[in-house]
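Asker: Assemble the whole structure, with the sequences as input and the hints as a guide.
Protein chains: 2
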Amino acid sequence: MSRFTVAVDAMGGDHAPEAIVSGAIRALRQSSDLEILLAGPADKLNALLQDAQDVQKRISILPANEVISMEDAPMLAVRKKVDSSMVQAVLAVKEGRAQAVVSAGSTGAFLACGMFRLGRIPGVERPALAVLIPGTQKPFLLMDSGANADCQSKYLDQFALMGSVYMKNVVGVADPAVGLVNIGAEAEKGNRLAKEAHERMTAQSSYHFAGNVEARDIPSGAFDVVVADGFTGNVILKYTEGLVGAVMGMIKAEVNTSLRCKIGALLMKPAFRALKHKMDYNSVGGAPLLGVEGAMVKAHGSSGEMAMANAVLQAEKMIRGDIVEKIRDGLTGLVDKMDGGEIV
Amino acid sequence: MSRFTVAVDAMGGDHAPEAIVSGAIRALRQSSDLEILLAGPADKLNALLQDAQDVQKRISILPANEVISMEDAPMLAVRKKVDSSMVQAVLAVKEGRAQAVVSAGSTGAFLACGMFRLGRIPGVERPALAVLIPGTQKPFLLMDSGANADCQSKYLDQFALMGSVYMKNVVGVADPAVGLVNIGAEAEKGNRLAKEAHERMTAQSSYHFAGNVEARDIPSGAFDVVVADGFTGNVILKYTEGLVGAVMGMIKAEVNTSLRCKIGALLMKPAFRALKHKMDYNSVGGAPLLGVEGAMVKAHGSSGEMAMANAVLQAEKMIRGDIVEKIRDGLTGLVDKMDGGEIV
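Line order of the protein sequences matches chains X and D. With the first sequence counted from 1, adding 591 to any position gets you my numbering. With the second sequence counted from 1, adding 591 to any position gets you my numbering.
Do not take every clue at face value.
In this list, chains with the same sequence are indistinguishable; a pair is considered to hold if it fits within one copy or across any two.
[Said to hold, decoys possible] Derived PhoX-like pairs: lysine-lysine, alpha-carbon spacing no greater than 20 Å straight-line:
1. LYS867 <-> LYS829
2. LYS685 <-> LYS917
3. LYS829 <-> LYS780
4. LYS672 <-> LYS685
5. LYS729 <-> LYS843
6. LYS917 <-> LYS829
7. LYS786 <-> LYS829
8. LYS853 <-> LYS843
9. LYS843 <-> LYS869
10. LYS860 <-> LYS685
11. LYS853 <-> LYS867
If you are wondering where the hints come from, they were derived from the structure by calculation, not from laboratory data.
Answerer: Structure representation (structure tokens):
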């Protein structure tokens with residue numbers, strides 16, 4: 592096994608196992624250091640590896656005969672379905688046979704796997720899901736995108752640190768600017784959580800806190816990491832999808848009101864296509880779950896071969912970037928003295 | 592004085608007093624039942640009324656010689672600057688000389704005026720700011736759009752009721768469907784606030800609760816009133832503005848990459864202009880502050896003549912719709928028995 596072994600849940604996602612396996616093969620062809628552990632039923636997976644002679648010696652099969660479905664209650668499934676492809680892939684990381692794991696299966700179950708199979712990095716209060724969202728100038732990492740509906744200010748402080756470590760070491764941003772989602776630019780603005788988080792984030796020394804970001808300015812690209820509680824973060828994530836779709840739909844509706852506009856739209860097709868591609872955060876790769884003892888990437892449920900390959904390569908980058916170790920180091924620069932606060 | 596007298600803060604807003612006064616005149620020309628009390632310095636305002644002979648007998652001047660600026664601390668200004676145009680206009684409602692008040696001045700000061708000069712309708716926990724936002728099919732009322740950063744579930748229940756009363760009696764929606772902003776469609780999803788609010792909203796009998804709305808579906812037009820705490824609501828409001836602007840900016844940037852697209856964009860100009868107009872929530876009118884003892888409309892700070900006229904006519908509709916009385920009535924159908932809960 593190489594130092595860059597990624598365990599892949601071959602049975603998770605809408606297009607499993609075919610797209611998952613071909614995505615894994617594609618990733619292996621792109622990165623010569625990479626090795627892959629494919630978790631799933633051996634016979635099915637072997638059949639899909641026929642055309643991968645060139646990379647076959649870097650793929651091993653991790654036999655797993657159960658599947659966690661979208662209908663399964665996450666916690667229960669993670670506890671009971673030990674022989675599932677997802678749990679087996681995660682256990683491979685726990686046992687040191689892989690350094691990262693990728694799944695396009697149930698988000699809830701994957702989060703539960705992270706928390707209860709891998710465990711948190713000591714000192715991390717709550718692991719969080721990070722999504723890289725396209726902005727006008729550059730993408731930003733939204734942290735937490737929905738793993739933690741109820742948050743305390745110390746969680747937000749850690750989200751900022753973890754997001755910052757990821758942007759620096761995986762995406763390659765030299766000095767990531769962290770913004771705190773708030774309803775005003777001034778320090779004293781916001782709800783209790785945001786006010787207390789602002790105070791903490793100002794006091795720490797582990798990342799570059801650039802102040803509050805009003806929602807209006809989120810897409811501007813002035814911030815590399817955008818921090819919010821998981822409820823607000825999830826609203827931002829889903830609203831991005833809904834609103835971009837709505838605007839596109841409204842343009843389409845306007846276009847259909849005149850021939851002139853129809854011709855214009857036809858000519859503009861390449862621009863719309865480029866925009867659609869740019870705004871599609873699923874194409875950027877998967878969402879890393881940060882704060883657990885291993886590199887975890889949640890690929891989108893609808894991932895095809897390309898998206899899956901990207902997610903695997905992203906997991907490899909997380910190994911190369913020593914994400915887990917660097918989060919551990921960064922925690923020491925956060926402020927602990929406010930932990931007595933019971934406000935939020 | 593007629594039953595439909597609207598007090599107007601003539602000195603609030605970026606284009607005061609000129610655009611405010613001409614907006615008031617325009618509104619008077621459109622509605623023959625309307626009377627207006629213009630609050631501001633008599634000499635200045637009289638000079639602006641020269642060309643309004645046709646409606647002059649329906650305008651009175653309410654002398655006020657101070658102005659509350661955007662720099663003033665809201666609470667302090669509302670207490671100290673009694674002779675300001677904003678406070679005088681609000682006091683006219685309190686004293687029964689007008690039934691509604693409109694201002695394009697400081698939002699914070701206007702909220703403070705509502706709370707401390709007019710006072711809350713008995714039983715209302717927190718007045719809230721409502722903004723009508725364009726959707727793909729029809730507009731929806733976002734409640735609270737930012738007046739209350741920290742909320743309890745009983746506030747949200749009341750926001751739903753008040754928004755519902757407004758949509759029915761001012762906008763004319765027969766049976767407004769209320770959605771609760773949440774991170775999942777199921778009742779058990781969400782943060783503690785959303786879960787408790789869902790329970791309350793299901794139990795009441797004053798409005799039509801249609802369940803949780805995921806942020807992705809907010810623009811769809813399936814909901815007439817979208818309820819959230821003021822922090823989340825303000826994020827949604829501001830993000831709408833920022834993201835629509837970002838998408839338009841990205842289309843523009845794509846267009847400039849080829850001549851073909853440039854020509855297409857030129858042909859599509861009418862469609863873009865129509866969309867821009869449709870998405871501009873400022874053109875819809877002002878934002879009502881609901882829950883106070885009087886009809887209050889906050890016009891956008893940048894309001895010109897047309898926006899101001901719309902805001903005044905909207906205030907008149909709020910009087911006609913008996914908003915205050917109907918909110919009072921609706922409160923009785925809300926559930927009080929959960930008020931012992933200390934969870935949120």
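Asker: Which numbered hints does this structure break?
Answerer: Numbers 6 and 10 - these are the hints that the structure violates, sorted from lowest upward.
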